[in-house]
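Mind assembling these two chains? They're in different frames, but the hints should get you there.
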Amino acid sequence: MARREVPEVSAGSMADIAFMLLIFFLVATTMDVDSGLARMLPPKLDEIDPDTPPIKERDVLIVQINSMNNIAIEGEPADISQLKEKAKEFIANAEKRDDLPQWEAKPIVVKDKNGKVLVDLGMMEVRKGVISLQNDNGTSYETYIAVQNELVRAYNELRDDMAKRKFHKPYDDLDKDQQKAIRKIIPQKISEAEPRNIGK
Amino acid sequence: MAKFGRKGKGGMPAISTASLPDIVFMLLFFFMVTTVMRTADLKVQNRVPKATELKKLEKKSLVSYIYVGKPKGKFTKIMGTEPRIQLNDSFSKVEDISQFITSEREEREENEVPFMTTSLKVDVDVKMGIVTEIKQALREANALKINYSAKQKVE
Chain P
1 MARREVPEVS AGSMADIAFM LLIFFLVATT MDVDSGLARM LPPKLDEIDP
51 DTPPIKERDV LIVQINSMNN IAIEGEPADI SQLKEKAKEF IANAEKRDDL
101 PQWEAKPIVV KDKNGKVLVD LGMMEVRKGV ISLQNDNGTS YETYIAVQNE
151 LVRAYNELRD DMAKRKFHKP YDDLDKDQQK AIRKIIPQKI SEAEPRNIGK
Chain G
1 MAKFGRKGKG GMPAISTASL PDIVFMLLFF FMVTTVMRTA DLKVQNRVPK
51 ATELKKLEKK SLVSYIYVGK PKGKFTKIMG TEPRIQLNDS FSKVEDISQF
101 ITSEREEREE NEVPFMTTSL KVDVDVKMGI VTEIKQALRE ANALKINYSA
151 KQKVE
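Protein chains in written order, with my numbering: chain P, 1 to 200; chain G, 1 to 155.
If we strip away everything but chain G, and leave its shape as in the complex, we get (with noise of 0.2 Å):
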C-alpha cells in the first residue's frame, strides 16, 4: 500500500493538449478538401428529381446555376407561389438569363468560356413551361452546354 500512496502525492498529471491543434488541423483540412464554397442562398424550394445514370459536373469554378421552384415560405407573400427563377441571390424573369449568362461569362477567362456550363436546378414540382423558356433563353444567350441536376436514385 505504501508504494501506492507515494506515487499518488504528484496528483493527476494534466492531460497533454499538444496533439489537440493537429487532430482539429486534421479535421480542417478535411472539410477543405472535401466541400465547397456555398454559393446562393436558396430562396426557392428546391428537391431536384432522382436519376439513375448521372454525370458529376466537372471543373465546379465554370459552372453557373439557375434555380426553378416555388419561393420558400416567407416569401410567397411578395411573390405568390408560382415557380420563380432564382439567379445568384435574387428572384428574376426569363429576360435576365442572357444577361446572367453574359456577366457569368465576363468572369472567366475567354478561353474557358466553351466549358462553360449551366446547372438547370429545378423543383420536381416544377411543369415544364418554364423550363422549356429557360431553354430557349440559353439557346438564344448560346449557353447550349446544360445539366439537368439530379440525385442518385437509390433502387
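Chain P on its own, in the form it takes in the complex (with noise of 0.2 Å):
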C-alpha cells in the first residue's frame, strides 16, 4: 500500500558541514562597521619648505582647550555650542570683514587625467582661513573629538550650503567631481599644533 519514493541522495550531511562554516564564520568575525573623523596630519618639521611665507593673524583662528577641559576662541572663554557659530562665521567671511580671513579669486575647474574638463564653476572667491586646534597635555581625549566634531560640522555646513548654490542639490547627492570642486572651494584647513602645555 505504500507508495516508494524515489530515493534521494542523502543531503543530510550537507546541514552539519555549513553549520560548521557558519560558526566559523561567527567566531572568526567582527561585524561592526569602522568609522572617525579623518584628518591629514601635517608632515615633519624639516619637510616644510622654510620659503612657506608666514600666515597673517587674521587668517587664523585660535581654538585652545586647556587641561581642564575648558574651551577658549581666540582666547576668549567660549563654550562648545558656540564653536559651530563661530567657526562658521570665521571660514565663510560673508561680510568680507577686515578682521577675519582674506580672500582670493581662483578659478575652480576639475579635469580629469586626460585635461578634459569635468566641472568649471569660473572664478571664485576662496577664503583663507585656517583653523588652529591647540590643546594641553591634560586634555581629555572626550573633549578633543567634540571640538574636532564641532569642526569639521561647521565646514560641512558650509559645504552643503555652497552645493546647495551651486547644484541645487545637497553635498551628499552630488557626484565626485562636483564635490571635489565644492572642496575647492571650501578648503578644510584644520591644523593640530605642536604639543605645548596651555596651563590651567
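Treat the hints as calculated values from the structure; they're not laboratory data.
Keep in mind that this is a model prediction, so the values were computed, not measured.
Check each hint, because a few of them may be wrong.
With a cut-off of at most 25 Å between alpha-carbon atoms, the simulated DSS-like pairs for lysine-lysine come out as follows [unchecked claim]: (1) P:K128 / G:K145; (2) G:K55 / P:K166; (3) P:K113 / P:K166; (4) P:K113 / G:K50.
Spelled out as C-alpha cells, the structure:
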C-alpha cells in the first residue's frame, strides 16, 4: 500500500558542514563598521618649505582647550555650543570683514586625467582661513574629539550651503567631481599645532 | 471517520530536511559578506567617543589600528592603570610605533602604501598627552593619514 518514493541522495550531512562553516565565521569575524573623523597630519618639520610665507593673524582662528577641558576661541572663553557658529562665521567671512580671513579669486575647474573639463564653476573667492587647534597634555580625548567634530561640522554645513547654491543639491548627493569642486572652494584647513602646555 | 482512519495509518511523514543546507548556506553567506575578520584581541579598555560627522573607513585591508586605553582587568596587575598603547596583540611603547608602521607597510603592495590609513582607537578617558605623542611618532614615520575612530552619536 505504501508508495515508495525514489530514494534521494542523502543531503543530511550537508547541513552539518554548512553549520560548521557558519559557526566558524560567527566566531572569527566582527560586525562593527569602522568609522571616524579623518585627518591629515602635517608633515615633519624639516620637510616644510622654509620659504613658506608666514600666515597673517587675521587668517587664523585659534581654538584652545586646556587641561580642565575649557575651550577658548581667540583667547576668549567659550562654550562648545558656540564653537560651530564662530567657526562658520570665520570660515565663510560672508561680509568680507577686515578682521576675518582674506580671500583670493581662483578658477574652480575639475579636470580628469586627460585634461577634459568635468566641472567648471568659473572664478570663485576662496577664503584663506586656517583653524588652529591647540590642546594641553591634560585635555581629555573626549573633549578633543567633540571640538574636532564641531569644526568638521562647520565645514560640512558650509559645503552643503555652497553645494545647494551651485548645484541645487545637498553635498552628499553630488557626484565625486562636483564634490571635489566644492572642496576646492571651501578647503578644510584644521591645523593641529605642535604640542605645548597651555596651562590651567 | 473511516476515511480519516485509513489515512492515519501511514504514520507522520518525516519533515524533509533537504532545504536545511540551503537555509544554513544562506545564513553563512550573509555573515561572510557583512562581517570582517577579527584582528586583535583587545587588551585595553576601548570605548571610542561619539561624534556626528563621521566618515566610513574604506578599504579595510589598508588600515592599521592603534589602540589606546587603560589595561583591562587581568592586565592591571602587570601593566598598572595608566593608559597604554596596544599594537597588534601586545602592549607597546610610543617608540615601537615607527617599527609597527614599517612592518605594516611591508605587508602591502608598494602602490597601495600612500593610501594606508592609521586608525586611532582611543578610549574616552585617555588624556591628550599620550595621543599627542602617538601623533608625533606617526609624523616621524610619515604615516600622515589618520582617522580618529568614533561612533555615531544618536540624537
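Of the hints stated earlier, which fail here?
-> 4
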